[in-house]
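Asks: Given the coordinates of chain A, assemble chain B onto it according to the supplied hints.
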Amino acid sequence: MAGRAAGAAVILAIVPVLLVTLLIGARGVAAMRTTSDFLVASRRISPTVNAAAVSGEYLSAASFLGIAGLVVKDGVGSLWYAVGFAAGYVAMLALVAAPMRRTGALTVPDFAEARLGSPALRKLSAVVVLVIGCLYLVPQFTAAGQVLGVVSGSPYWVGVVIAGAAVSVTLALGGMRAATYVQAFQFVLKLALFIVPAIWLVLQVSPDTRRDALTPVEFSRFEAATPVQFRLDTTLTLTEPTPVRVGGGAQEVLAPGEYHAEAGQTWEFATGAAVPHVGAGPPGGPNWARPLLDPAGHPLLATWSVLVATVLGTMGLPHILIRFHTSPDGRGARRTAAITVALLGVFYLFPAVYGLLGAVLLPELYLSGGTDTVVVALPARVDDGFAGTLFTALLTAGAFAAFLATSLGLLLAVSGALSHDLVPSTLRRLRFTPLVAALAVVLLALPAARLDVGVLVTSAFAVAASTFCPLLVLGIWWPRLTARGAIVGMTTGLLASAGVIGIDLFLGVPPGLAGILLGQPALWSVPLAFATMVLVSLRGRPPAWAAAAMLRLHLDETETGRR
Amino acid sequence: MRQPRRVAVTSPQTRVALAGRRSGTPAAPPHLAPADAERARRIHDRQLRYALTALALLGALLLGLPLVLAGLPALDTMRLAGIPVSWLAVAVLPFPLMALLAGWQLRKAERVERSWPAARRVLR
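Protein sequences, first through last, are from chains A and B.
The first sequence: position 335 = 526 (my numbering), numbered continuously.
The second sequence: position 63 = 98 (my numbering), numbered continuously.
Just chain A, same shape as in the assembly (with noise of 0.2 Å):
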């Protein structure tokens, strides 16, 4: 897509990111002393740089070119992802915020542990995480392949492993304090990456093109001789005779019918062309335009259940729960919460600009499969010139960071799940453990280049909203729930919404209304998780000391003895 010299520029610009990363790790690692140190940074942060680290942390991959690239290829509706990525701090700062830091605990399983003093429930719990780290990791790393491949033509192991090395030696050498404000550092870099470049397109831009996006027609002819270059096995529904030069071949005239693609061949159509058809309708097309998502004709049904997951899932995200202890207090965490719903919108105002502008730009990326490198394919698709490349190289460090930092706090959580909770262990081991994780997430995600990297972030969202949310929710809020049903109502959310997510993955989403069911399960999984957890925690009698350990969890500590 872009020449060799994109190639040296993003490189150029990666290297700055990585080296200011290990830099600030390696600057935490002189005051390390104890588990705690390692894990919570000691809990001297202020609410305004915990919020940004909470940002930099939750602006992954999917919010940096993954809502842009749904935008081209699903819809204006796609938008809604960034309205439940961001409203999911609303329903953290009402419900768990506050209480859940004054738990004492610095995990999730610990939550579990001392609100229930259930070893058992501390286990699965640790599980959960495991499971949740793992939907959300091998994404990120494979987005981090796929984007340097697209803008420097590198192969795609070579991103997994450089992000897999790059986030595991920075956790070792200094653990989440360091992680702390290499997350706040990159939430300020990854804002300037993202809407700079952004104001810089508008402007760009002709006037035409910028109509062109307000008012979208269908992509139904190819404009110009273009070639597409499939990312995965696609299959194709030409609906007249289409010239087209396949792999490099002379030009020729098939027939309408279906066809078939096979990953990384390149197929040239002509000037004129029809576009062919591919799963959904391509861009600009009415149902294209219209603000819901659409996947099977129930847009209300569809939409609702992304914002189900979303708002819910946020609440249950283990990376996200940690971070809120490195607040110094309950109030600390609340102020937190709130301070990242107003930085997150206005991060979420932009991905609708790089979404549109693709849209008219780059419609071909629908057929390849390659939307979610949208962003960083467009400004080299408005200026072939020097600030081209210099804005891609922007933005694949923005998008290289993005993958950092979720990474960073995903790894720890994983790390802390497997030596803290799973494995009883020292500081020693805690250091290490994330070498390890890293290395199976590598391992996981090189095999997963040619799956659909939406449908795993999604699925995280949806097992941590059926899981850890009503867990965190009833045991917050309702002195009645046992330790059986929190074990109870757990395992049948797990099971519900990762059950789901495994016959999506191996057996293919079914069509029509079971389609959003399976594909989407969080409109009836986390109802079915609360629902059990109330059900069977009502069947039973909590211990005498559980009204104490709840009530405990609203008592503000500014008079209780804080040190």
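Source of the hints: derived by calculation from the structure; they are not laboratory data.
C-beta: ideal position from N, C-alpha, C; glycine also.
Take these hints with a grain of salt, some might be off.
As the list claims (entries may be wrong) - One side only, chain A facing chain B, incomplete, derived with CB under 7 Å:
(1) Ala-278
(2) Leu-284
(3) Ala-285
(4) Leu-286
(5) Val-360
(6) Val-408
(7) Leu-491
(8) Leu-492
(9) Thr-494
(10) Trp-668
(11) Ala-739
(12) Leu-742
(13) His-745
(14) Leu-746
To be verified - Output of the computed footprint for chain A on chain B, the stretches with three or more beta carbons under 8 Å from beta carbons of chain A:
(15) 73 to 81
(16) 116 to 127
Replies: Here is chain B on its own, set in the frame of chain A:
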């Protein structure tokens, strides 16, 4: 370096949780003095009410907005500064509203905590 000796800053609850972990035995069952329990119960009830109100408002916004957009396709053709109103309703409108909601909930929650000052130190 000017680094002071680092001490973990913890609440009593934190110390309970940490003590249990370090000694390898479960923490003593939590206990609240009757006065504190009463105060905590009142705070809990008030906080729950505000939390549910905030959630209801959030739900009304997030579930209601798609409903409005689905029911009024005319919003797609109506334009504000050249941009379809229905797009603005997704891409811009929710964010300031959610920030306001978050600010409101934060103020309410902190006021509840201030309005019941502890009579005595709460110890376990």
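Asks: Confirm or reject each hint.
Replies: To see whether the hints hold, each was checked on the structure:
Here the hint on A:Ala-278 is kept, as its CB sits about 6 Å from the closest CB of chain B, short of 7 Å. A least Cβ separation of about 6 Å between A:Leu-284 and chain B falls short of the 7 Å threshold, and the interface hint therefore holds. Because the smallest distance between the Cβ of A:Ala-285 and any Cβ of chain B comes to about 4 Å, under 7 Å, the interface hint for this residue holds. For the restraint placing A:Leu-286 at the interface with chain B, the shortest Cβ-Cβ distance is roughly 6 Å, inside the 7 Å limit, so the hint holds.
Because the closest C-beta pair between A:Val-360 and chain B is about 23 Å apart, greater than 7 Å, the hint is violated. About 14 Å separates the beta-carbon of A:Val-408 from the nearest beta-carbon of chain B, more than 7 Å, and the hint is not met. Interface hint status for A:Leu-491: upheld, as the beta-carbon distance to the closest one in chain B is roughly 5 Å, under 7 Å. The beta carbon of A:Leu-492 comes no nearer than 10 Å to any beta carbon in chain B, farther than 7 Å, and the hint placing it at the interface is violated.
Interface hint status for A:Thr-494: upheld, as the beta-carbon distance to the closest one in chain B is roughly 4 Å, under 7 Å. Interface hint at A:Trp-668: satisfied, since its Cβ lies 6 Å from the closest Cβ of chain B, which is below the 7 Å cut-off. Interface hint status for A:Ala-739: upheld, as the beta-carbon distance to the closest one in chain B is roughly 5 Å, under 7 Å. Checking A:Leu-742 against chain B by beta carbon gives a least distance of about 4 Å; that is within 7 Å, so the hint holds.
The beta carbon of A:His-745 comes within 4 Å of a beta carbon in chain B, closer than 7 Å, and the hint placing it at the interface holds. Because the smallest distance between the Cβ of A:Leu-746 and any Cβ of chain B comes to about 5 Å, under 7 Å, the interface hint for this residue holds. For a cut-off of 8 Å, the count of residues in the stretch 73 to 81 of chain B with a CB near a CB of chain A stands at 5, and the three-residue condition holds. With 9 residues having a beta carbon nearer than 8 Å to a beta carbon of chain A, the stretch 116 to 127 of chain B meets the requirement of three or more and the stated coverage holds.
This entry does not satisfy hints 5, 6 and 8, going by the numbered hints stated previously.
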